[in-house]
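Residue numbers (this note's numbering), protein chains in the order written: chain A, 1 to 444; chain B, 1001 to 1444; chain C, 2001 to 2444; chain D, 3001 to 3444.
Think of the hints as simulated: they come from the structure by calculation, not from any bench.
Some clues are possibly wrong.
Said to hold, decoys possible - Each computed DSS-like pair below joins lysine-lysine, with the alpha-carbon atoms no more than 30 Å apart: (1) Lys77(A) x Lys201(A); (2) Lys1201(B) x Lys1361(B); (3) Lys2201(C) x Lys2361(C); (4) Lys1277(B) x Lys3361(D); (5) Lys3201(D) x Lys3077(D); (6) Lys2201(C) x Lys277(A).
Claimed, not checked - Between beta-carbon pairs, the in silico distance windows are: (7) Gln1274(B) x Asn2184(C): 51 to 57 Å; (8) Met3054(D) x Gln2279(C): 28 to 34 Å; (9) Val1300(B) x Ala104(A): 37 to 43 Å; (10) Thr1103(B) x Arg3285(D): 55 to 61 Å.
Owing to the predicted nature of the structure, the values given are computational and were not obtained by experimental measurement.
Yeah, the Cβ is synthetic: ideal placement off N, Cα and C, and Gly gets one too.
4 protein chains.
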Amino acid sequence: MQFSAEAPSHSTAHRQTETVQPGDDICGHYRALRQQSEVFCAPLHTDDFNLQAMPETSPPKWHLAHTTWFFETFVLKPFCPHYQVYNTYFESLFNSYYTGVGTAAFPRAQRGLLSRPTTTEVFQYRSAIDQQILALLRHDHPQREQILQRITLGLQHEQQHQELLLTDIKYGFSINPMTPIYCNRNDRTAVRGFPLRSTAKLNWTEFNEGMCDIGAAASGGFYFDNEAPRHRVFLHSYALANRLISNGEYLAFIEDDGYQRPELWLADGWQQAQQHKWQAPLYWRRQGHAWQLFTLHGEVPLNLSEPVCHVSYYEADAFARWSGVRLPTELEWENAAASQPVEGRFVDDGILHPRAACGEKQFLQQLYGDVWEWTASAYAPYPGYEAPAGAIGEYNGKFMCNQMVLRGGSCASARSHLRASYRNFFYPGDRWQFAGIRLARSLH
Amino acid sequence: MQFSAEAPSHSTAHRQTETVQPGDDICGHYRALRQQSEVFCAPLHTDDFNLQAMPETSPPKWHLAHTTWFFETFVLKPFCPHYQVYNTYFESLFNSYYTGVGTAAFPRAQRGLLSRPTTTEVFQYRSAIDQQILALLRHDHPQREQILQRITLGLQHEQQHQELLLTDIKYGFSINPMTPIYCNRNDRTAVRGFPLRSTAKLNWTEFNEGMCDIGAAASGGFYFDNEAPRHRVFLHSYALANRLISNGEYLAFIEDDGYQRPELWLADGWQQAQQHKWQAPLYWRRQGHAWQLFTLHGEVPLNLSEPVCHVSYYEADAFARWSGVRLPTELEWENAAASQPVEGRFVDDGILHPRAACGEKQFLQQLYGDVWEWTASAYAPYPGYEAPAGAIGEYNGKFMCNQMVLRGGSCASARSHLRASYRNFFYPGDRWQFAGIRLARSLH
Amino acid sequence: MQFSAEAPSHSTAHRQTETVQPGDDICGHYRALRQQSEVFCAPLHTDDFNLQAMPETSPPKWHLAHTTWFFETFVLKPFCPHYQVYNTYFESLFNSYYTGVGTAAFPRAQRGLLSRPTTTEVFQYRSAIDQQILALLRHDHPQREQILQRITLGLQHEQQHQELLLTDIKYGFSINPMTPIYCNRNDRTAVRGFPLRSTAKLNWTEFNEGMCDIGAAASGGFYFDNEAPRHRVFLHSYALANRLISNGEYLAFIEDDGYQRPELWLADGWQQAQQHKWQAPLYWRRQGHAWQLFTLHGEVPLNLSEPVCHVSYYEADAFARWSGVRLPTELEWENAAASQPVEGRFVDDGILHPRAACGEKQFLQQLYGDVWEWTASAYAPYPGYEAPAGAIGEYNGKFMCNQMVLRGGSCASARSHLRASYRNFFYPGDRWQFAGIRLARSLH
Amino acid sequence: MQFSAEAPSHSTAHRQTETVQPGDDICGHYRALRQQSEVFCAPLHTDDFNLQAMPETSPPKWHLAHTTWFFETFVLKPFCPHYQVYNTYFESLFNSYYTGVGTAAFPRAQRGLLSRPTTTEVFQYRSAIDQQILALLRHDHPQREQILQRITLGLQHEQQHQELLLTDIKYGFSINPMTPIYCNRNDRTAVRGFPLRSTAKLNWTEFNEGMCDIGAAASGGFYFDNEAPRHRVFLHSYALANRLISNGEYLAFIEDDGYQRPELWLADGWQQAQQHKWQAPLYWRRQGHAWQLFTLHGEVPLNLSEPVCHVSYYEADAFARWSGVRLPTELEWENAAASQPVEGRFVDDGILHPRAACGEKQFLQQLYGDVWEWTASAYAPYPGYEAPAGAIGEYNGKFMCNQMVLRGGSCASARSHLRASYRNFFYPGDRWQFAGIRLARSLH
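Bound-form chain A, shown alone (with noise of 0.2 Å):
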């Protein structure tokens, strides 16, 4: 992703440019993974790093100083004997929401009120850590096999929050009637505003019925607890289609009365879309008879061959209903998504928007990246799972109830965070992050 010269003093003020080389080692990776954080804050002013436009949300300025306290907890101070805190307001300022820490976490809702610590306070701070971190890697260690597991769930869980950041920032810019804009499109399609492509036909892939693994092999490289274990579960033979629902076919749903009819929803869904007047998805803007959408680019008119975005799981159930079929539940998508490559648009090719499917692919496309896909599965624990011991099991396993689960990633995640195994979930009433949809059907 290139953004414009002008980054403002923060990110390059406080430390030098990290360039990442090919056969990089560890501290490579952590440093390049690291400054991506930084570097996606680039476009924002001082005044950006605040903002919370929402209790769901987090100041960018969170953000960064939370994925280092992440590291400062979980490796510096287990791992490092006579390790001298930073900074003890820190541990709770940016403990999210770890209760086996020791100190309680500051009010979530509040974030956006800590005009203190400054931003160039929490830029020191992440170059203070790093430094430790990289000392701490550069040397022998008794432990180092549990560091360097420590050190990459600290970068996984620093990828999360840069998705979280883009989406967060989206959200809070959303709200300024001045329609802030993050980035300007560089690439040619930008020049031209969105181009309007026919959607691609919908065609349907069928699978059937049988055993199938479920969850991630633990011979594969990291995987989160919550994609394990790997087990088998049955599966009743069903159809995914091939590709992401539209703009022009979600358009159809909202010009059938999809918002103004009960009998598509699920009751709390109806409940929440009449209590915040939803009538469309989020970022949708009525202008006259045409709609705009608001995007990390700024407001641009709605391309309908796009995959719809920032719909909640009551939308995309909604919509299924309406379309006579149903979503699909996470084994369904993982049993079809197993067996394919990683590809897809990922925040790595920088366009941070979701973007029209292929016309000539038939079989499944858009499987990751793009937009996550809702699932019709609950987020709960897989048989047998079983959380890690201490704060560290806080991370996935006492999020699981009354949330839903979301596959497959999005144009704001990074390729090489995801895997067909991923389990991302949010409430089913979330429309802030880039989610869409794909249909599932059964064929028994």
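Fit chains B, C and D to the given chain A structure using the hints.
Chains B, C and D only, in chain A's frame:
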């Protein structure tokens, strides 16, 4: 159940007593079950009929009217040509949540403000609709089969509301400082208070992994749409506790600071526990060093050997985590229960309170009756589930989000209403139902 | 007031009718006034006795009990040695807000949830306390003078609650879609509906500047502490409208977009009007192009010549601003009213609805009765005000903040309860009292 | 006031320093006063400029922009033909509450979410508007007199926001666990901490009853519309305490269970105190057995001889009742203050904190400065009050309900902004202003 002789005038003044005889036809069943709702109201004073102590509960008068509305709306209106609506206001006032019936439902949280129609008028409404239903049943009708199906559904629906009537009254009385008594215990144990028995030993019953069939069999009598279709699942090996968790066991959790240790709780559960200052199950009342329990029989000393009751899913889950095991899934529960007879303590027994497990039984007991058992399963459609067409399809399907499945029935459920495939569902924070805990663990 | 003959059993079953005879002593006054509260409840069904449609209102049953509690607490307890409390629960349940009586008041917003004690039990409570009060009054007592003062205060208090009983019932019925009727109009005008008279011409009565005396004279019979001490004030010259503002005049304000023009409103009033979507006075209901009015007699066509009623202070103030004038201060009102007889339409007349001004009267009319008149005066202590010692001192003094003074009484006030110095007070947003508008203007 | 030299770049980068010279004309006054707002922001970091810790406060950036918007809206737009609006978004974003200016104000509670325009852009806005205002002032204009009036109003308005800027920053910093320091005390007393002096003896100054003139005299320089018209009132004899109530005296109230005794409180105050768990004035922090005080200089030990500060009207009133006396009316205050010079400790002194009374002075002291004094007077129009025509008339008049008048000014007010007739007003529950207590008592 035997109630005191001083039943208020409503239930006797406006309808003659119906006695159910062996070999009774559908009319007899209809009359008997409908009358049962009024029998449950016999201990109430007119003042109690409008009591709605929280939005989730409904006033007794409303239950009586709504169940009648159900028959009027789904039997008389569609199947009686030229049917004249009893009272056009009732179409909205006593509609619970059906959006497909033409009139918007009166706001749920304000049902207790409907001082009119009066209780007497609601009893008259019941009587008038009953007469027309019975007339319809006594004559030939080209759609008799469908009518009988709807009558059956209406009676099942009424049984559900009979249980809610009891739990709603219990909650409504509980907030009154005067501790009203719904009915005195008239069995011998009651005279001497709840006996303190030592809790029966807890054993584990094991189940091997394998495929099993879940859901109601099409051939097996009435079932709700959410129990279908019957389908195959693969279960890993597991074990179920042979009985319910007792008050004594739950007290150990409390005394081990269970309500003060966030690491034992789901995040949403912890938040709710803090917000509402939960320190024990609903209806437990500390009195100095002892605990009292509010029941439908008034306040009694806590009996440690009785099943713990009126806990939320969050508390059940936290207790299981503290115990080092977990709650069963609804599939595991049904697999175990399918082979067991529907035996236990039900509303038919007239005790209206769960009772201690039997010490001699090694194998599964208390599966049915006493208290509903929270399962670890989010309420979701079975593979291939289809909601019925029309407004009747709103009965179950639209609630399949954010709620957890409970299994087995309670001391406030009718024996004839229950079966292995029966799925009850409530929000994880709900506590006013007779809901308790059975533990499970994985064996793989 | 004449009510229908079918009074429910409560008020007749448990006490014999008392007839007030000329020359009656204090016992007769006590009995008659206490009985009046029950007469006001005669048209109610038992279902209505627990109705509390918003926190600001109280259920009829609670009014009946609280006024009784007042006599028990402030007469029987302090003046009857060895008095046995009737029911210890009632000490808290029916305490409105007195903090100095030893028991905390039951939460106001939950009064409607007190299904027990039953209505019958509350009537028994009234009867039992009345007997003891009457016994106390019939015998000598060393503190007889103080007792008589307390009895008088208790009866004044009961008259206030009689008015609230009517306004609370009116509000409670208004939210019921079935439009319950409290009582049918039985006078001739009612038979023909409210006649549409042309509104009487509005004149101004002028008052010269100068010193005047404000507040109750110590020699003039009962008054509340907040009416004292009588004191001197200087008033600038002013004029008062000779009659109340009519519905027709208020309709002109509505039709001139009064509810859409923030420049006419106090800032807090505008906010409240927006929040609650006020478009007309409470109880006005648009029906096509016409307006209907909800009254204690049911819904009737709006009579344009009747005084506008059920407006908040904010609406009264906005109307006055729109009219180019202002509301009177309470001092200006009292100065004008002090010389006028307490004449008008009161609850004694049994109409329970304000009536049109008389066209022939040029001078001040409708000062008393019909509707309370919002003044521009915040409720505050008079210079030298002292609240009585003890709990009785909480009666008025602690409410002297955030409320506005109303003067004159309404069609729901007892004639014997009113006088020129009487100060009523409500929050500026309250609309459920019979409150209307008299205009004033400055002459200097 | 002297601030540290490290002022952030905003205020210096975009405008040259203006120095006020003796004999300066209106341009000099304008420049100096406008610059003062930026000087008050000098100790802030950019992160602080968006801080809005509760809806009642505004971010510093917003104050800077809104005061500029005031000049643009009420001077440049009406008096400069062909004026081009600086930024059409700003017309709404920085409108506080004026409904008559054509654009709806951005929601007050969300001002802290306006990360754009950036702080730098707001300083540019200030500079651009200032240039045009100064240009307007330097040239002849047919409406010069009106322009000068508006300029004066705008500067008075800016002084009000300068005080709010300080109190809002104080509140915003107070919720930060890191206890940010706005500025260090640089006088000698500060070096040694606040000295603990014995509190000066409290005397009473008496005033005889009689007529007096209240309100601003038309001939006496600038005043707000709410100070007019000057009018006669009759005052009963009264006495005023010669100084403010000290922390030590207030501590005695706390230690006498002042916060636990409802009989001392107004009903609304008691409710608010319970809801927010008030146990002491805002910014008092218990530390073991001692009290610390949060100030703009950081946290310091509570100085018992300083005036108590940051109390609500409810607390001031409860303290007065506990003391057996009362608060003064605004009329009593003004009558006493009218003869006194405007002397005291103001923002001009740069202390930003109230200071102890002087022990030697028997007569009235601390009337001006130190802390605003809550009066017992609800904010209401004076007899004959007329709001100016147009949007400018919204400045004061529409707030004349539900608020209480404060008199005298504080250590955060400018000396040149104050006078005997000045009426400040806040809601009785507001605590974040420098507001304290002067007692009064009636002598008749």
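Results of checking the hints against the structure:
This hinted pair does not check out: Lys77(A) and Lys201(A) have alpha carbons roughly 55 Å apart, beyond 30 Å. Between Lys1201(B) and Lys1361(B), the direct Cα distance comes to roughly 9 Å. Compliance with the 30 Å bound is thereby established for this hinted pair. A distance of roughly 9 Å separates the Cα atoms of Lys2201(C) and Lys2361(C); the hinted pair therefore holds under the 30 Å criterion. As the CA atoms of Lys1277(B) and Lys3361(D) are separated by approximately 53 Å, the hinted pair breaks the 30 Å bound.
Proposed proximity of Lys3201(D) and Lys3077(D) is contradicted: the alpha carbons are some 55 Å apart, above 30 Å. Between the alpha carbons of Lys2201(C) and Lys277(A) the distance comes to roughly 48 Å, so the proposed pair goes past 30 Å and is violated. Take Gln1274(B) and Asn2184(C): their Cβ atoms lie about 54 Å apart, and the range 51 to 57 Å holds. Checked against the hint of 28 to 34 Å, the pair Met3054(D) and Gln2279(C) passes, with Cβ atoms roughly 32 Å apart.
At roughly 38 Å, the beta carbons of Val1300(B) and Ala104(A) sit within the given window of 37 to 43 Å. With their beta carbons about 57 Å apart, Thr1103(B) and Arg3285(D) fall inside the hinted range of 55 to 61 Å.
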